[in-house]
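Let chain A serve as the given structure and place chain B on it in line with the hints.
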Amino acid sequence: MAVLGRRWLLWHGRCWSSQAESAALPQPPDSLYPPIVASATSNSKAAKRRRLEHFKQRVHAAPSVEEKLRLYGLLQRPKYMVYPQTFALNADRWYQSFTKTVFVPGLPPRAPPAAVKTPGAVAPEAAKAPEVVAGAAPGAAAAPAPGTEAPAAAEAPKPEAGATPSLDIGELRSLACDALLQESFYQNKKRPFLYRDQDHTPGPFLTQLVSTLAAFLSCRNPLLSASSLDLNPEVNYYWHHGEEVVDRGYRKGRVDPVRFQIDDNPHLQIRVPKQLPQVVPLEANLGDVPVIDHKPSKLPLFKRQYENKVFIGSKVADPCCYGHTQFHLIPDKLKRERFIKARLDDQIEVVYRANGIASLFAWTAAQAMYQGFWNEADVTRPFVSQAVVTDGKYFAFFCYQLNTLALTAETIENNPRKNICWGTDSKPLYDVVEDGSVKGFNDEILLHLVRFLLNRPKEL
Amino acid sequence: MAAAGPMALRRAAAKGSGSGGGLALARGVLTRAGPPRPRGPLPRTPWTTRGPPPDVLAQAVERLPVREQVELDTITYAGRQHFMPGLARPRFPPWDRGWHDPWHSPGPRYEDMPLRKDRSCFVCHQNVRMLEGVRQAQWLTKTKLVEGLPPSVQSIIDNPAHRLEDHEERVRHAVWHARLWNTTETAPKREHYCPALFEDLIHICRLMSAKYPSLAKRMLARNYRIAATWERESILFQVRGQNGILMNSMAPIPPVASKEEVLATEEHVLETFHPISPTIDLQEVIVYKELNDTGFKEGYPYSHAHTLFFLESANLRPRRFRPEQLRAKMLMFAFGNALAKARLLYGNDPKVLEQPVVVQSIGTDGQFFQFMVFQLNTTDLVSSGGIKNMVWIDSDQKLYENALCIPEVKKRVVLKPAGIYGFQPDTFKKFLALYLHGTV
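Here the protein sequences come in this chain order: A and B.
Mapping the first sequence onto our numbering, position 370 (from 1) lands on 370, and the numbers just tick up by one.
Mapping the second sequence onto our numbering, position 425 (from 1) lands on 1425, and the numbers just tick up by one.
Isolated chain A, as found in the complex (with noise of 0.2 angstroms):
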C-alpha cells in the first residue's frame, strides 16, 4: 500500500527499531556495525519499498483490532464507490471480479437442519408416535430440547431418538400469510407517497416476516436466541484490487493500487456470537473468476474521496461479531415493471446478484477484519453469511465464503483462493393478495428462508 505522505511525518515520532527489513543484507550476530538497510526517506525504489514494510509492520503489531482498522484506512484518496443496488448492465460479472469471486447458481449441498413435515405428506411409520405430528401446534411440546439434527432429507422424515417436534409448515405459512395480510390488506394506509412504494407494503412486510420468524425459530436454532437484530444498519468496507496510473493531478504518472469503497444498507440483519460452519474447503475451487479488461469507471464506477470505513453494523467491542442472514430490499428504481418497459429482462436477476455478492463480500470482509484479518494478514478459516434479497414478492437466496482477503496487487499473484458465491434466481413468494387472501403461495420460497434462519454451526 503506498502511504507515502503519511509515514515521513510519523517516522520522527518513532524510534529507529531493529525490526527485520526485507532489504537488509545478513549481518553476523554480535555485529559491530547498525545493519545496512535501504534509506527511508529517499525517493527511491528501495526506500519505498521500505517505508511499505514499515507500514505493514505497524498493522501487524497494532495493539488492538481498532487500532489495526485505524491504520488500515487512515490515508484517504480517492476511491470508486461500488453500490451494491445498481442499474448498471452486467454489474455481477463486474463485481465478481472486483471481489475475486467464483458465481454458483443454486444454493450449496446442505443437509436440512430439521426435519420439515408437510402436511400432505403422511408417512404412517409406526416410529412417528413419539413425534409431534404437523397439525397439532408445536407448542404441545412446550420444552424445546437443543436437538439432534435429522440428517435426512426434507421429504422423509426418519424417526427420531431425540424429542425435537418437525416443523410445522402450516404454522410457518399461517405466519408468512398473517404479516402479509396485515401489511397489504388488513391496515388502514393511505396511498403510497410517490417512488415510495417499498416503504408502504414491502418493507413492513419483511421486517414482520423476519422477526416472527427469527422467534418462532428459536427454540430449534439456539444461535438465534443469542442473536442480535438489527433494522436499517449500516455495513462498510474498503478494499484494494489491481493497479491503475493516475491520470491527473499532481500525483500524475504513478502507480497506484485500485481502491473500492462499499456502503451498504440492508433492510434488516441478524448478528450472531459464533460463526457459521464453512459450506467447502478454504482451497475450493469451484469455477472461473470473470476476467474484465476494461477500467472500473466503464462500468459506470465513479470516484470519491472520503472516510475509509469498515463497518459490520456495530462496533468491535460488540460479542454478536459475526454474521448470520441480511436481509435487502430492492428500490423501486430498480424494480421489475421498469427493466420490462425498458427491454432489458435479463438484467433483472443481474440485480440480485449485484446486490447479493457485493453486500455479502462487503460483510463477511468486514468481519474478517473485526477479527484481525487483512490483506497482508490472509483469512485462516472461511467467512460464511448468507443473504434474501427481495422486492417483497420475488425472493433470491445467496449464501457467500469469503476465503481471501488478500487482493492488492502483490498479494493476488500467489494466492490461488477465490470466493464463492452461491445463489438462486428470484422467485415469487405469492401470485397475488386479494380479499383477505393470499393466493398462489410459493412454499418452497419459506421453507428455503427457514433452513437460512435455521443454520447454525455443527455443535449447537
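Simulated from the structure, these hints should not be mistaken for laboratory data.
Built from N, CA and C at the ideal position, the CB exists for glycine as well.
Honestly, I wouldn't trust all of these hints.
Said to hold, decoys possible - For each label pair, taking beta carbons as the anchor points, the in silico distance ranges come out as:
#, chain 1, residue 1, chain 2, residue 2, range
1, B, 1214, A, 332, 24 to 30 angstroms
2, B, 1405, A, 428, 40 to 46 angstroms
3, A, 192, B, 1082, 50 to 56 angstroms
4, B, 1254, A, 458, 43 to 49 angstroms
5, A, 196, B, 1254, 54 to 60 angstroms
6, B, 1299, A, 305, 53 to 59 angstroms
7, A, 110, B, 1368, 31 to 37 angstroms
8, B, 1260, A, 332, 54 to 60 angstroms
Relative to the frame of chain A, chain B by itself:
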C-alpha cells in the same frame, strides 16, 4: 355691495337721528320695519333646494370607519400607471384567473365543506401536549388513577419462572449496543439509539416465545391510524391519527381490576382544574367526521390491541415530550384504542361493559420508561358520575443511569471508562411482564 354700506349707514344714521315711529329712509322712500327676514334655513320648496333632504343625504353617505375613509380619500398613483413620489401606493383587487386551476386554488371554504358541523369538536392527536398532563387526560377519559402496576402484572414480575436464562446479560448487551456500538461515529444520536434500544428489547421479549408458544400470536403494526369519538359533558372529543407502534394479539388481556374495585370507582370524584378548561391544548375543528375505527379492517385475526409503544426519539430536547405530557399522551391513545375496540364489540350505545377492555402502554425516550395499564370499564362518558375507567401508571423508571461514549479523562488519567453506568434490570423485568401479560 357698495350700495348696502352707505344705505345701511344712512338707515342707521336716520335711526340714530331718532325718527319717530320707526320710520326709516331707504332710497328716498320712508319705510317701516317690516316682518323680520327669515334667518334660518329656507323652507324646502323645489325652488329653494336641490337634491335629497339632509338626513336622507347623510344616510346615503354613511360615515365609514376611519381607515376605510382614508383609503378612499388617499390619492394613489394607480391612475398614473407608474410610480410617483409623494403619492400613496395603491392596493389592487386580487386577480381572478377566470377559470379553476387545481394547482393554484385556495380550496373550498369551511362553509362549503360537506362535513362541516354546527358544533365544534376537540381533537387529541400525537402532537398535542396537554397543559395539565395526566389530570386533564383523566378528566377527558373519566379515569381513576392508581399509582404502581396492577397486582396481576406484579405477580408476573415476581415470578422467577417467567424469565429467560441470562436475560440480564442480554439486556445489558442490548443497552450497550444501542447506546455505544450502533454507529460508525463516536456516539449515536437519540434518533438512532432510541428505536435501536426498543427493537433490541422487543427482540429479547419475542425470544420468550420459545417457552410460551402462544406469544407467537402477536404482530407489531407501525404507522397505523386510530379514530375514536366520545362526548363528555356536552363537548365532543376525538382521538385521531398515527401515534406509536401497536402490538396486536389474538387473545384479549383479561380484566385487571376485580368487580368490587370497578364498582368502588363510583365514589371517586374527577379532579377539575378550574379556571383552566379541560379542552385546553386540544385542536378545535369544525369540519370532522364522527368516526370510530381501530385502524384495521374486519376479519383481522390479531384484533385485540395489546400494547402501545411510544418512542420519544427527537434529538432536540424541546421537540421531545416531557414525562408528564408523555404519560398524558399514552393515556389518551390507550383510551382511544380501548374505546374503538369497545364500540366495535358492543356497539355505539353508552353503557357499562361487563367485560372491560384492557390496553397497555409503554413510553420511553431511550433511558426513562413509563409503564401504563388502562382498563375501560364504561363507554358512558357524558356524565362525570358513575363507574369510571381505571389506569395504573408506573412512571420514570430508569433503565440505566448514564452512558458514557467517550471516557472521562482529567490530566491524562482515565477517571471513568466508556460504558453504561447504573444499570437497573428491574425496569426490563417490568417491560417483559407487560409483554407477557395476558398470555401467562
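Consistency of the hints with the structure:
The hinted range of 24 to 30 angstroms is not satisfied by residue 1214 of chain B and residue 332 of chain A, whose Cβ atoms lie roughly 38 angstroms apart. Checking the proposed 40 to 46 angstroms range against residue 1405 of chain B and residue 428 of chain A shows it holds: the Cβ atoms sit about 45 angstroms from each other. In this structure the supplied range 50 to 56 angstroms holds for residue 192 of chain A paired with residue 1082 of chain B, their Cβ-Cβ distance being about 52 angstroms. Under the hint 43 to 49 angstroms, the C-beta atoms of residue 1254 of chain B and residue 458 of chain A, about 45 angstroms apart, fit the expected range.
For the pair residue 196 of chain A and residue 1254 of chain B, the supplied restraint of 54 to 60 angstroms is violated, since their beta-carbon distance comes to about 41 angstroms. A hinted range of 53 to 59 angstroms for the beta carbons of residue 1299 of chain B and residue 305 of chain A is consistent with their spacing of about 56 angstroms. The hinted window of 31 to 37 angstroms between residue 110 of chain A and residue 1368 of chain B is violated, with their beta carbons roughly 46 angstroms apart. With their beta carbons about 58 angstroms apart, residue 1260 of chain B and residue 332 of chain A fall inside the hinted range of 54 to 60 angstroms.
Figure legend: structure checked against the earlier numbered hints; hints not met, in rising order: 1, 5, 7.
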